[in-house]
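Chains as they are written, first to last, in my numbering: chain A, 1 to 187; chain B, 1 to 169; chain C, 1 to 120; chain D, 1 to 411.
Read the hints as simulated data drawn from the structure, not as lab findings. Small disclaimer: the values here were computed from a predicted structure and weren't measured. Just so it is clear, CB atoms sit at the ideal spot from N, CA and C, and this is done for glycine as well. Treat the hints with care, since some could be wrong.
Here are the simulated DSSO-like pairs of lysine-lysine, each with C-alpha atoms no more than 30 Å apart in a straight line [stated by the list, open to error]:
1. B:LYS40 <-> B:LYS72
2. B:LYS99 <-> D:LYS66
3. B:LYS40 <-> D:LYS66
4. D:LYS109 <-> D:LYS193
Per label pair, the in silico range of CB-to-CB distance [as the list claims (entries may be wrong)]:
5. C:ARG53 <-> D:VAL51: 29 to 39 Å
6. A:MET158 <-> C:TRP117: 40 to 50 Å
7. D:LEU141 <-> B:PRO70: 48 to 58 Å
8. D:ASN218 <-> A:GLU178: 50 to 60 Å
9. D:TYR146 <-> A:LYS10: 22 to 32 Å
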Amino acid sequence: MSENQKQIDKPTVAEPPEGVSGQGFFATSFEKAVGLARKNSLWPLPFATSCCGIEFMATMGAHYDLARFGSERLSFSPRQSDLLMVMGTVAKKMGPVLREVYIQMAEPKWVIAVGACASSGGIFDTYSVMQGIDRVIPVDVYVPGCPPRPEQIIDGLMKIQELAGNESLRRRHSQEYEDLMKKYEIE
Amino acid sequence: MFPIIPERNQLVVSKLIDQFGDAIESHELLKDMLCITVSKEVIHEVLLFLRDEKEMQFNFLTTLCGMHYPEKEQLGVVYHLHSFVNNHRIRIKTATDIKNPVFATATTIWPAANWMERETYDFYGILFEGHPNLVRILNMDDMTDFPMRKEFPLEDQTREDKDDSMFGR
Amino acid sequence: MPQDYIPVLIQTFVVLGFVITTMVLTHFLGPKRSSRAKLENFECGIEGMGNARSPFSVKYFLIAILFVLFDVEVIFMYPWAVNFKELGKEGFLDMLLFMTLLLAGFIYIILKGALKWDKR
Amino acid sequence: MAIDLDTDYWDKDVVRSEEPKEYNTLNVGPTHPATHGVFQNVMLMDGEFIVSTEQTIGYIHRAFEKIAERRPFYQITPLTDRLNYCSSPINNMGWHMTVEKLLGIETPKRVDYLRIVIMELARIADHIICNSVIGVDSGALTGFTYIFQDREYIYEIYEEICGARLTTNMGRIGGFERNFSDKAWTKIRHFLKTFPAHLKEFETLLARNRIFMDRTINVGPFPADRALAYGFTGPNLRACGVDYDVRVMNPYCSYEEFDFIVPIGQNGDTYDRFMVRQEEMKQSMHIIEQAIAKLDKMEDKETYYASDPRFVLPPKEKVYNNMEALIWHFKIVMGETDIPVGEVYHCVEAANGELGFYLVSDGGRTPSRLHFRRPCFIFYQAYPEMVKGNMLSDAILTMSSMNVIAGELDA
Chain A
1 MSENQKQIDK PTVAEPPEGV SGQGFFATSF EKAVGLARKN SLWPLPFATS CCGIEFMATM
61 GAHYDLARFG SERLSFSPRQ SDLLMVMGTV AKKMGPVLRE VYIQMAEPKW VIAVGACASS
121 GGIFDTYSVM QGIDRVIPVD VYVPGCPPRP EQIIDGLMKI QELAGNESLR RRHSQEYEDL
181 MKKYEIE
Chain B
1 MFPIIPERNQ LVVSKLIDQF GDAIESHELL KDMLCITVSK EVIHEVLLFL RDEKEMQFNF
61 LTTLCGMHYP EKEQLGVVYH LHSFVNNHRI RIKTATDIKN PVFATATTIW PAANWMERET
121 YDFYGILFEG HPNLVRILNM DDMTDFPMRK EFPLEDQTRE DKDDSMFGR
Chain C
1 MPQDYIPVLI QTFVVLGFVI TTMVLTHFLG PKRSSRAKLE NFECGIEGMG NARSPFSVKY
61 FLIAILFVLF DVEVIFMYPW AVNFKELGKE GFLDMLLFMT LLLAGFIYII LKGALKWDKR
Chain D
1 MAIDLDTDYW DKDVVRSEEP KEYNTLNVGP THPATHGVFQ NVMLMDGEFI VSTEQTIGYI
61 HRAFEKIAER RPFYQITPLT DRLNYCSSPI NNMGWHMTVE KLLGIETPKR VDYLRIVIME
121 LARIADHIIC NSVIGVDSGA LTGFTYIFQD REYIYEIYEE ICGARLTTNM GRIGGFERNF
181 SDKAWTKIRH FLKTFPAHLK EFETLLARNR IFMDRTINVG PFPADRALAY GFTGPNLRAC
241 GVDYDVRVMN PYCSYEEFDF IVPIGQNGDT YDRFMVRQEE MKQSMHIIEQ AIAKLDKMED
301 KETYYASDPR FVLPPKEKVY NNMEALIWHF KIVMGETDIP VGEVYHCVEA ANGELGFYLV
361 SDGGRTPSRL HFRRPCFIFY QAYPEMVKGN MLSDAILTMS SMNVIAGELD A
C-alpha cells in the first residue's frame, strides 16, 4: 500500500492535549480535558437568514461536511446549542429576536458572524439593516465573504474550536466577561 | 420584446375613452407596452372594467408599485395588468397630490394586490381606503416616516465610521 | 443475601454513582447565568403569546392511555414466552382467553373511533 | 357483515360540550427550522388543526429598491443575485435583458444561447434545493444529501464561468464578461451525462414512495382561479393546472427556437408542485442539449458580447491597446454614459415564477425608479388560505413546496 494510502486509512484522531505521560498513564490538567471534549462536540444553532444560509447548506452537505468537526447535530432551539452561527443579513426588525435567542442559549456559548452582512452590514448600508450583529450580541469569530466559501465557514468553525479548546474554566466567571455582558446589558 | 398588437391597443384605448371620457388623461405606446394615465377618482372602476369587460379580460395583476415625483409634488401608483386570454400587457398609472395620498384599493378586484398595497403604503405612505389591514409589512412597525421617498436618506444613520470626509462629500 | 447478587449490586451502585456524580459535577463545573429573559420559554425569539396550559382535545390522552394498556398486555406475554414449553397446551389456552378478552376491547375502541386521528 | 365505521350509531351516547372551544396560539416564528428562511406565522391551533394564520415578514428587508436608485446600472447586478439567491444567474440575466430592452441593444444569437444554457442550469439548481427540501421536511434526508452533490457540480460550472459559486454577478449588459472556457464546456457536458441518472435515483426515492405520497398528495391544494387571483406564477401556478410560462407566452432571449413542454399539475397540491419541478428539471436539460447542439453548429465560437460600444464593456485586451475602447470603458464603468429617458417592464421566467423589472430612467446615471416584481412576495399571501383547516405538519410541507425564498420575499 502506498505511503499516502496508508495515511488515509489511519483514522485521524484528535491529538491529545499536552500532559505528562509515562508507563501506562497520562496526566493533563482538567481544563484541557474539558476543553478537548467541548472542542469536538460543538452543537451549532444555524441562525441562517439569507444567502449565507444556502452556503451553510453546502457546508453541511456531503461535499464539505461540517460533521468532520463534531458539529453534526444541528439544534434549532437555543437550549441545546453551544455555538450560534449567524449567517446572512440581520435586519433591525430581527435584532430583538437574535438577542432573545442568544440570551436563551446555555453557557458556555460562542458566536460566529458568518458573512459580511452579519459581521458589518455588508453591502447593505441601508436604513433597515443592522450594521453588524455585534451591536446586539458579543461575537467571537467573524467570517468575511459574501457569501464565504464553505472552506471559510469551516475555517471559522476551527477558530471557534481553538477558542473552546483553550478556554479556561474560570473565564465565564471572570470580571472581564462580566464587563462584556454589562456592555450588552445582558444581566 | 412583448408582442405589440396595434389593434388591441386601439381597442383598449377606445373602449376606455368612450366608457370614462376624459378621466383617461393620456395614453401612449412606451417601448412595447401601452401606458394609460388615469385620474385618481375612477381608478377602481377602470380596473374593474378592464378585468370584467369581455374583450379586455385583464384577469391577472402582474404588479403594483408606488412612485414619487418630487418635482411635481405628487405620489403615484403604477399597475401592470396582463390578459392571459389574448396575451396583452398594459400599464395603468395614476397620480395624486402628496398632501392627501389616498387611492381606492384594488384588493377587492384582485386579492394579489393586498400585500402589494401594504408594501406601497410602507414605502410611500400612500393610503388605500377599503384595504382589509393597511399596516407596514416590510419595515419596523414603529417606523414613522416613509423610506422610499426621495428625500429620505438611504444610509443607516447610526454608523459613525462612514463620515462624509472619507467620501469627499 | 444469596451470594450471586453481589455483581448486580455493584452494577447498580456504579450506574447510580456515575449518574449522580456527573450531574453534580456539571452543576458545579459549568458556568451558569440565569435571568428572567433566559428562563422564559423559547418561542422562536418572540416573547410568548398565550400559555401552554390551555385545554386541548381529549384524543391525545386517549391514544396515550390505550398505548399503555396494550403495552401492559405485552408485558404479560414475556413470562409466558420464557417458559412456553413447560406451560404446554392449557397455558396456551389461558393466554388465548386473555388475548381474546383484550381483542374484544380493541374492536370496541376502533368502533368508537378513539383512534380516528384526522377528524376535527 | 361489514361494520360501517362512520355511522354515528356508535356516538349516540357521547356528550358534546357546548361552551366555545378554546384555541391556543403556536408561533412558527422567524427562527424555525421548518420555515427555511425568516418569516413568521402565528397560528391559532385547535389541537393539531390550524384555525387561522397571521403572517409577519420583513425580517431581512434590505431596501433593494432604495439602493437601486443610488447605483449606476452595472452595480445593480450584484443586488439582483441576492433576490432569489438559489438561482442568481437567472436574476442577473433578467436584469441585463431589461436594460438592453431600454437601451435597444440587440444581442447576437450566440449570446442568447449562452444565456439560455446558464439560465436553465440555474433553474435546475433551484429546483434541486426546493425538491430536496420537500423531502427533508417530510423526513427523507437521504435525498437531500445525494442530490446536493449535483448542485455542488453546478457551483463548479458557475465558478468556471464567473468565479463565484452562489451570488454569481454573471454576465454584463449586452453579453458576458468573458467567453466560456473549454473546461466549462466539458463540465457542462459531463453534467448533462451524469445528472439524469442522479435525478432518476432521487425521483425513485421519493416520487412513488408510499409515505411521501400519503404526506403530500392532497396537501395544501389550491384551485386555479384562486391561484390566478392571488397572482401565482411559475411552478406553483402550473401545479394548479394553468400552463402559463413566460418563456412560452412572451418568449425572450430567442426561447421560441427551442421546443420544450410546460408540465402542469391538476389540483395544485404539494405532490403536484414536486412533480412539476421534477419534470421541469428534465425539460431544462433537454433545452440545454438543444442549445449546445445549436452552439456547436455555429461556426463563430468567439463573440460573447453585443457590439454596441456605448453601453457594452469592451473586452480587456481591446481596452489596453485601443483608444476609443479605453474611453468607452472608462465612461461605462464610471457610469457617465447617460441612459436615455424612458420606462420599460421586462419579465423573465425565474425558478419561482415571473420575475419582473419595472425600470424608469430619467436620463441620469442611475435609474430613477426600479421595482422588482418578486414572485415569492406575491404568492405567499395565499398561504393562510391554503393551510386553513389542515394539520400543522401539512402546513410545513406546503410552505416548503411553495419554495418561498426570504431574500426575494422581503427584498
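Outcome of range test on Cβ distance (TYR146 (chain D), LYS10 (chain A); 22 to 32 Å): holds, 28 Å
Outcome of range test on Cβ distance (ASN218 (chain D), GLU178 (chain A); 50 to 60 Å): holds, 57 Å
Proposed proximity, LYS72 (chain B) with LYS40 (chain B) (alpha carbon, max 30 Å): holds, 16 Å
Hinted pair LYS109 (chain D) and LYS193 (chain D), Cα distance within 30 Å: holds, 25 Å
Range hint 29 to 39 Å (beta carbons of ARG53 (chain C) and VAL51 (chain D)) holds or violated: At roughly 19 Å between Cβ atoms, VAL51 (chain D) and ARG53 (chain C) fall outside 29 to 39 Å, so the hint is violated.
Range hint compliance [Cβ, MET158 (chain A) to TRP117 (chain C), 40 to 50 Å]: holds, 47 Å
Given pair status - LYS66 (chain D), LYS40 (chain B), alpha carbons within 30 Å: OK: LYS40 (chain B) and LYS66 (chain D) at ~26 Å, within 30 Å.
Restraint status (C-alpha distance of LYS99 (chain B) to LYS66 (chain D) at most 30 Å): holds, 22 Å
LEU141 (chain D) versus PRO70 (chain B) beta-carbon gap, inside 48 to 58 Å or not: holds, 53 Å
When the structure is compared with the earlier hints, a violation turns up for hint 5 alone.
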